[in-house]
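Enquirer: The lines below spell out each chain.
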Amino acid sequence: MRRESIHRLLPFVLSLAAGMALWEIVGRHTSAAFMVPLSETIHRFWQLAASGQLGTQFLDSATLFATGFALALLVGMPAGLLLARVQSLRVAIEPYIMILYATPMVALIPFILSLMGFGFAPKVLVVFLFAVFPILYNTIEGARSIKPELIEVARSYRSREWALWREVMVPYTLPFTMTGVRQAIGRALVGMVAAEFFLSSTGLGQLIMTATQNFDTGGVFAIILVIGLIGVGLMRFGLYIETYFARWRD
Amino acid sequence: MNVAAPTTSIARAKTAGRPVGAKARIRVKGLGKRYGTLEVFRNIDLEVGDREIVAIVGPSGCGKTTLLRCIDGLLPASEGEIWVNDQRITQPIASVAMVFQHFGLFPWKTVYANIAYGLKLAGATTAEIAERVPRFIAMVGLSGFEHAYPYQISGGMQQRCGLARALAVEPNVLLMDEPFAAVDAQTREILQFELLRIWESRPTAMVFVTHSIEEAVLMGDRVVVLKGRPSGIHETITVDLPRPRSRGTLREPRFAELRERVWGILMSEARAAEFHLEK
Chain A
12 MRRESIHRLL
22 PFVLSLAAGM
32 ALWEIVGRHT
42 SAAFMVPLSE
52 TIHRFWQLAA
62 SGQLGTQFLD
72 SATLFATGFA
82 LALLVGMPAG
92 LLLARVQSLR
102 VAIEPYIMIL
112 YATPMVALIP
122 FILSLMGFGF
132 APKVLVVFLF
142 AVFPILYNTI
152 EGARSIKPEL
162 IEVARSYRSR
172 EWALWREVMV
182 PYTLPFTMTG
192 VRQAIGRALV
202 GMVAAEFFLS
212 STGLGQLIMT
222 ATQNFDTGGV
232 FAIILVIGLI
242 GVGLMRFGLY
252 IETYFARWRD
Chain B
5 MNVAAPTTSI
15 ARAKTAGRPV
25 GAKARIRVKG
35 LGKRYGTLEV
45 FRNIDLEVGD
55 REIVAIVGPS
65 GCGKTTLLRC
75 IDGLLPASEG
85 EIWVNDQRIT
95 QPIASVAMVF
105 QHFGLFPWKT
115 VYANIAYGLK
125 LAGATTAEIA
135 ERVPRFIAMV
145 GLSGFEHAYP
155 YQISGGMQQR
165 CGLARALAVE
175 PNVLLMDEPF
185 AAVDAQTREI
195 LQFELLRIWE
205 SRPTAMVFVT
215 HSIEEAVLMG
225 DRVVVLKGRP
235 SGIHETITVD
245 LPRPRSRGTL
255 REPRFAELRE
265 RVWGILMSEA
275 RAAEFHLEK
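Protein sequences, first through last, are from chains A and B. Mind the numbering: the first sequence is residues 12 to 261 in the working numbering, read in order. Mind the numbering: the second sequence is residues 5 to 283 in the working numbering, read in order.
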């Protein structure tokens with residue numbers, strides 16, 4: 012058991028160390044306009060953190076992410092269940108969902124800008140649009156796969172529509188929705204940065220823009236690293252909740 | 005005593021005899037069911053008394069399960085009427101519970117939550133559920149497995165859970181849809197006697213659909229044979245074996261006699277079908 016975990020850990024640690032070393036070496040032999048070594052990146056990270064800038068902008072981004080994502084979940088899951096339950100509605104609406112899901116959301120940003128301007132709301136909309144479709148899509152597919160036998164059992168026990176949702180549809184569909192949530196996390200992160208770049212500049216996106224304009228390559232790398240690590244953390248969290256809600260599956 | 009209705013007769017005994025109990029819980033009158041042009045069964049008349057078990061046997065596809073679903077109110081009949089507890093059946097009603105061949109357990113609910121399901125939907129409080137569910141868990145022998153999910157327990161245990169869920173709502177009519185068809189032979193035998201033991205302690209009207217002749221004779225006060233295409237009640241055999249029935253019942257000569265008789269009736273059908281003697 013212990014030996015196995017070492018076997019798994021060792022390649023990971025070695026690869027990480029090699030990557031860091033490579034970054035450091037290449038960084039030291041490249042013009043600082045393009046790239047800086049890891050040590051410089053970490054140095055800039057501490058400076059940004061100590062100045063309070065990183066914390067403030069991080070909170071700003073987190074608020075945007077959380078608002079957009081929460082809305083996506085609040086809309087995506089009930090809408091998905093409804094579309095799975097009402098076939099005519101699904102047939103009518105599914106083509107629009109497919110088109111929107113397939114459209115690169117970045118392409119919509121100029122349109123959203125001209126429509127809604129520079130406030131907080133249009134940015135939330137961008138995050139929402141990035142996140143909602145995987146949640147919606149997975150919920151529909153999940154809810155449609157409920158065994159008809161179980162719906163029959165519910166009918167035999169005289170379940171009303173609301174009880175059918177509460178006792179059968181929602182608990183059955185949650186693991187599928189959570190798969191959508193996990194996929195949506197990565198997309199919402201892209202949406203967040205894109206909104207901060209292209210709409211009013213705030214948060215971590217703004218920090219990257221400012222650092223770029225100041226030729227602060229260390230700063231740019233530091234923020235990218237932060238966003239990347241947040242992404243990894245959120246994906247891990249997504250995987251955890253997905254497993255948690257699917258614990259009744261064999 | 006007299007079960008010697010002519011075995012060779014092709015005459016159709018349309019009415020399934022008089023119920024043993026004082027009062028008919030279930031009354032099925034002239035029931036027919038068809039899907040488009042496919043007629044499943046026609047002209048079914050059946051009464052099931054209080055504390056009476058009626059077993060329904062018939063070849064695969066004869067509509068046994070469809071009949072049961074009609075009685076539960078899950079399927080609308082095409083002709084005729086069903087009355088349960090003097091209530092005309094158009095949808096499932098509260099005093100009837102069904103046990104399914106596929107168990108029908110909710111995989112995301114624990115054993116406890118599955119058994120509590122019917123009570124919860126019937127509007128029982130948490131306190132009532134907490135008081136009643138453990139009793140039924142103990143009754144079907146699932147103590148210690150309250151918090152297991154269905155995938156963690158055997159098929160036999162899953163059906164014990166399905167049975168407890170049905171019993172927990174204290175129905176006076178139990179509908180059993182081939183309840184032990186999906187478990188292995190030994191488990192099946194154990195569950196048959198467990199069910200008989202439970203039924204003795206709280207007798208209800210019961211319709212027991214099965215394709216096992218032995219099971220039908222062991223369980224039923226009467227055995228109804230469905231035959232033909234579209235099917236109808238071909239014959240009703242009164243099972244005069246004493247209750248309580250136990251493993252000893254299986255060794256009685258009378259049991260073997262009745263089993264052979266039902267066998268003979270079903271086989272004449274099989275032969276007829278084979279040689280296209282039926283119209």
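Don't take each hint at face value.
Only pairs whose alpha carbons sit at most 27 Å apart, straight line, appear in this in silico DSS-like list of lysine-lysine [claimed, not checked]:
(1) A/Lys158 x B/Lys113
(2) A/Lys158 x B/Lys33
(3) B/Lys124 x B/Lys113
Rather than coming from a laboratory, the hints here were simulated on the basis of the structure.
Enquirer: If you test the structure against every hint from before, which numbers come out violated?
Expert: The structure breaks only hint 2.
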